[in-house]
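Fit chain B to the supplied structure of chain A, relying on the hints for placement.
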Amino acid sequence: MQEVLERTGGKVRLWPASLYGTLRQLLEAGLIEEFVRRSTADDDPRRKYYRISSLGRKVLAAESARLRQLVKFLDRIQEV
Amino acid sequence: MRYASLTVRLYRWIAQAFPETFLRAHGDEMVYASEEMIQETAAREGVPGLFRMAPRLLFDLFHRIVVEYAAEIQQDVRYAVRNLRHQKVSAITAVLSLSLGISGVTVMYSQVESTMLREIPEIRNPEELVAFQGRVSYPDYERFRDRSGQFESLAAYIAKVPLIVRVAGNSERVWSHIVTENYFSTLVAVPIRGRLLGEEDRQGAPPSLVVSHKFWKEKLGGSPHVIGQTIHVNGQPVTIVGVTAETFRGASPMLAAADIFLPVGISPQIAPELRDGILEKRLSAFTLIGRLRAPTIVKQAEAVLDGQMRTIEQEANDPARDRKAAA
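Protein chains in written order, with this note's numbering: chain A, 7 to 86; chain B, 391 to 717.
Hints listed in this document are in silico derivations from the structure and should not be mistaken for laboratory results.
Beta carbons are placed, not taken as given, at the ideal position from N, Cα and C, and that holds for glycine.
Heads up, a few of these hints could be off.
Claimed, not checked - Derived DSS-like pairs: lysine-lysine, alpha-carbon spacing no greater than 25 angstroms straight-line: (1) B:Lys550 - B:Lys609; (2) B:Lys550 - B:Lys607; (3) B:Lys609 - A:Lys64; (4) A:Lys64 - A:Lys54; (5) A:Lys54 - B:Lys609; (6) A:Lys54 - B:Lys550.
As the list claims (entries may be wrong) - Every beta carbon over 10 angstroms from chain A, so not counted as near; a handful from chain B, in silico: (7) Leu474; (8) Ile582; (9) Glu589; (10) His603; (11) Lys604; (12) Val616.
What the hints assert, rightly or not - Partner residues are not named here, just some residues of chain B that face chain A (Cβ under 7 angstroms, in silico): (13) Leu448; (14) Asp450; (15) Leu451.
Only chain A is shown next, with the shape it has when bound in the complex (with noise of 0.2 angstroms):
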């Protein structure tokens, strides 16, 4: 959560009980999984490891598309 704060300069905060019900539903869609790993010596055991799914990547991929084109449409109206 701090890693996100500062990567986007203060501008995005996740809470937690929002971004565990973020990741429940994204598990539940399949679009991240979870997966084991190596622990080490300052990990607590109640912390647990995500990866995006090759699902995700596709959604992302077509999330990012759409946006994009919808970016380049709302530049489009602005300039006329």
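Leaving out everything else, chain B in the frame of chain A:
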């Protein structure tokens, strides 16, 4: 810091209000993430920072609790509608029976004709099976089992339990049931390979599991040498001892189809749902399924079970009056 610890405790307390399925899947890690956030804020910004953050943190929690319940209800409604569409007569009977039953006594068993149980494939005489609606603790299950003469056999299971299973280097989430040693014998299910779980899988036995035919075919390539093979469940090695028949997916195939079956005696390291002494405490985590002695009429069983439930409640001084069961 005192305020940080108070905030953590308050967060943990409120978080218990989440639906049980959400808590099982994400409760621990969500609380862990919130603890980290609270402690980091306290260390970086002190008490003023905590006061600024706490309302937003708690609002997020309350808001999400509502969203999660709404999602559960939505899922239940969707499932019910689908069922109604497919089994109109049975479903209407079930709805009418339940409506009448709910308005009656506190603990009772309605004659729903076990529509779901009738759908369990690969088991003998499904009409003799009755499922309890609602969950009970393991100690309560033991009391029922030991006193319920009208059952030829009474089993319990936790469903559905997510596991991270690693096979041939790939990890993925698989749904499972954690079952008592008489689960398969109650259902009178038969394996197509190896054996099903039983007495030999009590606490302390080498960790073993049974996989569904689907899992065997799709994840293990239908290998003829599957029995004795080891797979990693939540990072721990477990031996496959059997494969279920082709269409068998557990005692609740529509609501909680399972691909892996673990014995209730298995280590909590493999099945974290068994942590915190769940077999000793009165935590309602187990679903019951029983096979009636052939001549028993469902109504008679209802009456006996009703009495037993009241006795158990009185003994435990825990009037769980809203717990219902359906046969």
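Given a cut of 7 angstroms on the nearest C-beta pair, is the interface hint for Leu448 (chain B) held or broken against chain A? violated, 9 angstroms
Would Ile582 (chain B) pass as off the interface with chain A, using Cβ distances and a cut of 10 angstroms? holds, 28 angstroms
A cut-off of 10 angstroms on Cβ-Cβ distance, and His603 (chain B) was said to be off the interface with chain A. Does that hold? holds, 22 angstroms
Is the straight-line distance between the alpha-carbon of Lys54 (chain A) and that of Lys550 (chain B) 25 angstroms or less? Holds - the C-alpha atoms of Lys550 (chain B) and Lys54 (chain A) are around 19 angstroms apart, at most 25 angstroms.
Confirm or reject the statement that Lys604 (chain B) sits farther than 10 angstroms, beta carbon to beta carbon, from all of chain A. holds, 17 angstroms
Close enough to count: is the Cβ of Asp450 (chain B) nearer than 7 angstroms to one in chain A? Constraint on Asp450 (chain B) satisfied, holds at 4 angstroms.
Agreement of Lys550 (chain B) and Lys609 (chain B) with the hint, judged by alpha carbon distance not exceeding 25 angstroms: holds, 19 angstroms
According to the definition I'm using, a residue is off the interface if its beta carbon is farther than 10 angstroms from all beta carbons of the partner; does Glu589 (chain B) meet that for chain A? holds, 31 angstroms
Please check whether Leu451 (chain B) passes as an interface residue: C-beta within 7 angstroms of a C-beta belonging to chain A. Holds - the Cβ of Leu451 (chain B) comes within 7 angstroms of chain A, reaching about 5 angstroms at its closest.
Interface-negative label, Val616 (chain B) against chain A, beta-carbon threshold 10 angstroms: holds, 22 angstroms
Need the status of pair Lys550 (chain B), Lys607 (chain B): alpha-carbon distance at most 25 angstroms? Holds, at about 21 angstroms.
Please verify whether Lys64 (chain A) and Lys54 (chain A) have alpha carbons no more than 25 angstroms apart. Judged against 25 angstroms, a Cα distance of about 23 angstroms means the pair holds.
Going down the numbered hints, you'll see the structure goes against just number 13.
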